[in-house]
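So the sequences go chain by chain: S and C.
Per my numbering, the very first residue in the first sequence carries number 1378; after that it's consecutive.
Per my numbering, the very first residue in the second sequence carries number 63; after that it's consecutive.
Hint data in this document are derived by calculation from the structure and do not stem from the laboratory.
Incorrect hints may have been included.
[What the hints assert, rightly or not] Using 30 Å as the maximum straight-line C-alpha spacing, the simulated DSSO-like pairs for lysine-lysine come out as follows: (1) S:K1694 - C:K93; (2) S:K1619 - C:K368; (3) S:K1624 - C:K368; (4) S:K1624 - C:K167; (5) S:K1479 - S:K1541; (6) C:K92 - S:K1541; (7) C:K93 - C:K174; (8) S:K1453 - C:K368; (9) S:K1627 - C:K92; (10) C:K93 - C:K169; (11) C:K368 - S:K1627; (12) C:K368 - S:K1541; (13) S:K1694 - C:K174; (14) S:K1479 - C:K92; (15) C:K174 - S:K1619; (16) C:K169 - S:K1624; (17) C:K346 - S:K1479; (18) S:K1694 - C:K346; (19) S:K1616 - C:K174; (20) C:K368 - S:K1438; (21) C:K262 - S:K1541; (22) C:K93 - S:K1627; (23) S:K1627 - S:K1616; (24) C:K169 - S:K1627; (25) S:K1694 - C:K92; (26) C:K174 - S:K1624.
For clarity, every value in this text was computed on a predicted model and none was experimentally measured.
Spelled out, the chains give:
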Amino acid sequence: MSKQVPKEVYEKTRSYKFKQWLSGTKDPFLDTVEMKPQKEFYESEKLIHEHELQHQSIVEKAYDLEHNAQVRLFQKIYNIFSVIFCLCLVFILLVGVSYLPKYGHEENPVNNEVSARYIGQGLQETGAINIVTGMILDYRAFDTLGESHVLFLATCTVLILLRKDKKKYQETAEHNDRIYEPKNDVILQTVARVLVPFIEIFGIYVILGGHLGPGGGFSGGAICGAGLILYLNAFGFAKTEKFFTGKTYKCMCFGALACYSLAKTYSFFTGANHIESVIPLGTPGAILSSGLILLLDICVGFVVSGTMYTFYVMFRKGGY
Amino acid sequence: MNLAFVHNFPLFCIILTLFSGPCSMILSAKKARILNLCVITAVGIMSLLVLVEVCMSGGSYVYTMGHFPAPWGNEIRVGPLEAFMALFFCIIMFLSMVGGAAQRKAKLEESKENLYYVMVNLLLSSLIALIYTNDLFTAYVFVEINTISACGMIMIKQSGHTLEAATRYMIMSLLGSGLLLLGICFLYGLTGHLLMSNIKEEVAAIAATGTYHAPLMVAVGLMCVGLAIKSALFPFHSWLPDAYGYSTVSSAAILSSLVSKGYIFLLIKIFYRVIGFDIICNSKIINVFFVFGIAGMMFGSISAAKEVNIRRMIAFSSVAQIGYIYMGFGLGTNLGVLASIYHILSHAATKSLLFVSAAGLSECSGNHKELTKLTGAGYRNPPAGMAFTVGALSMIGFPLFSGFISKILFAQAAVNQANKMLPTLIALALSTILNVIYFMRAVLIIYTPQKDAACAQESGYRRIRMNEHPEIVFVFVCFVLLNLVLGLMSQPIVELCSRGLGMFG
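Hey, can you work out the whole structure from these sequences and the hints?
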């Protein structure tokens, strides 16, 4: 040491402070910033337990439906009233039905000129061998037009409720689905490989043969949709999404319903204005016969099969 | 008979709205919104032309849907009342859709907004088909469309409240549909027809012989109860407050002013064109309607007075107004039904105005809906405040506005009925007082100046400038004008309705 300095002066030099900081005897931030280390939040076991108990007791009290006198009373009254209501309704309906004209009796008012014409002239007027198809798709086509829109509307509401549009949910849904998806189940896949083509062909047959025999768009579409669902279960989304996505469904539905609306507008318009329709009825029994019925059946078939499949996909994964 | 081209318009209205449903599905939200407004406008214009044509030619006509005449095929019937209702429903729907556009954009998921327009378009088609149809089963098919689309419109704003409300609505509404279908089946079993005019002939024959009195009454009862549940007559109103209170503004306005009215209009058609009004009047059913209508007027208003949420308050007021309509049926005279029809119009014009303006009031108050939080909202959003005041005055029955005329019509109809006069007049007076209590309380609250300015800043209160939502101001102006027209120029409208009603019989 070349130079002696008094202790007070030395204590103020930087080198002394540095030395102190190195040895840890003095904190450089002391008196300048508060450096009290924060205590880690700690709850004793007992306290945690107490909180849990409290929470549980609140929940139990709120959801303790068995000991809640008000709720119990309400439920009792509710049950009694619902039973009374149902019994009353059943009684009224039974009494009402017992007074109705006898079913199948020849003087039953249902056996009137309406059904007589359906049965007697249905074949000539609609060209459909299946009278029921002729009735729902030609005589009363307006009702069926509404009915197919009901199906479409039902899908839309399911889409509103179940479709997951946010990316985050979509990924978790995808993940969950992959867990539960049967992975390459040999039995299922083999059976599906054999059955699905037959089911689809049978469905198409039922749709196309709607005017020739039992069947039509609604039943055939349901069969086709069921076939698609089986295929999906066996092979998973990776395969089905190659040919059937949400967009396919939208376009298919729009196309089918637009086709239906246009065809029917034409027939309503010409019918009401007494213009002769240019659509030939064809020979009854041929596949291309009975005017617009075949086209309408195909449209309904598309809508129904798409609806079935979309319902399944929405309930399973919430999007495709 | 050769038809003029105008006569095809009802068909075009139905098909166009049906077609625009699937169309909206493949469009983007923005395009679907434009399409929706265009479709409503087009349908409105076509209905107007049909109305003019029908009024000029002075009669109704039947339009065959297809190549087969009526009992075999379907048909629709167009008269002055039907065309006027279609036009009126289009106006209300257009204004409700425009008035709720901003809120829809904020509250709905964008990828699902086009589905909302699917619902609205199909709802409109079902309403128009319900108005025009001349066939009971067609009516049922479109009641189904109406129910499902209304349900979708409630739940598209996905929160706990709306999902619960939609579930409740669906259960009650499906119960109603089921009862209606059972009633139609009974009638079919009795008469063998589904066409309204044919059923009426057969029912007249049955009533003359008196053989099938019991099943006929069961059928009428089932249809009446079914439609009463669907239009929220008093004891069946439990689904209503949540459904109207928590859904989006346009949904609430459309549901309260159109959906329930469509069912009521169908009920009127059933009274006049299916069963025959004399048979209905001779049955006890109108007395049931009368009692429950009055009960609804009282309990609806009392519940509304107890309510602290402004949307739910307006919703409960709907219960009371539906009560008025059913009370009019209960009087059992043509005048009573006429008053009910007028009340349908005035309620539709006023209730949608109230819903849209209430949304404006809560927008400027940090989206609170509690009445206490709305203090001074009338100053922060002047157009909405004025509109709400007009709506409230009209609901109360203040002269100048539409509610006054319908109340006068009810009173006039009641005077001719010796034993129902006193209850009707007392009920009208009491219900008016109750209306004043809760509507004026709301008006006073929104015009009480907000004192604590600092506190107001924190809770999200803000001033809405006049030019922030020009379209909503336009909607308010239109609604207020509509109310004034219904209130000041009621005579031609009443005459039109009564002429149309006369052609029903």
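So, going through the hints one by one against the coordinates:
no.	hint	in the structure
1	S:K1694 - C:K93	holds (28 Å)
2	S:K1619 - C:K368	violated (58 Å)
3	S:K1624 - C:K368	violated (49 Å)
4	S:K1624 - C:K167	holds (23 Å)
5	S:K1479 - S:K1541	violated (53 Å)
6	C:K92 - S:K1541	holds (20 Å)
7	C:K93 - C:K174	holds (13 Å)
8	S:K1453 - C:K368	holds (27 Å)
9	S:K1627 - C:K92	holds (17 Å)
10	C:K93 - C:K169	holds (18 Å)
11	C:K368 - S:K1627	violated (47 Å)
12	C:K368 - S:K1541	violated (39 Å)
13	S:K1694 - C:K174	holds (17 Å)
14	S:K1479 - C:K92	violated (57 Å)
15	C:K174 - S:K1619	holds (24 Å)
16	C:K169 - S:K1624	holds (25 Å)
17	C:K346 - S:K1479	holds (27 Å)
18	S:K1694 - C:K346	violated (53 Å)
19	S:K1616 - C:K174	holds (26 Å)
20	C:K368 - S:K1438	holds (27 Å)
21	C:K262 - S:K1541	violated (50 Å)
22	C:K93 - S:K1627	holds (16 Å)
23	S:K1627 - S:K1616	holds (19 Å)
24	C:K169 - S:K1627	holds (24 Å)
25	S:K1694 - C:K92	holds (27 Å)
26	C:K174 - S:K1624	holds (14 Å)
Violated hints, listed in ascending order, are 2, 3, 5, 11, 12, 14, 18, 21; each of the other numbered hints is respected by the structure.
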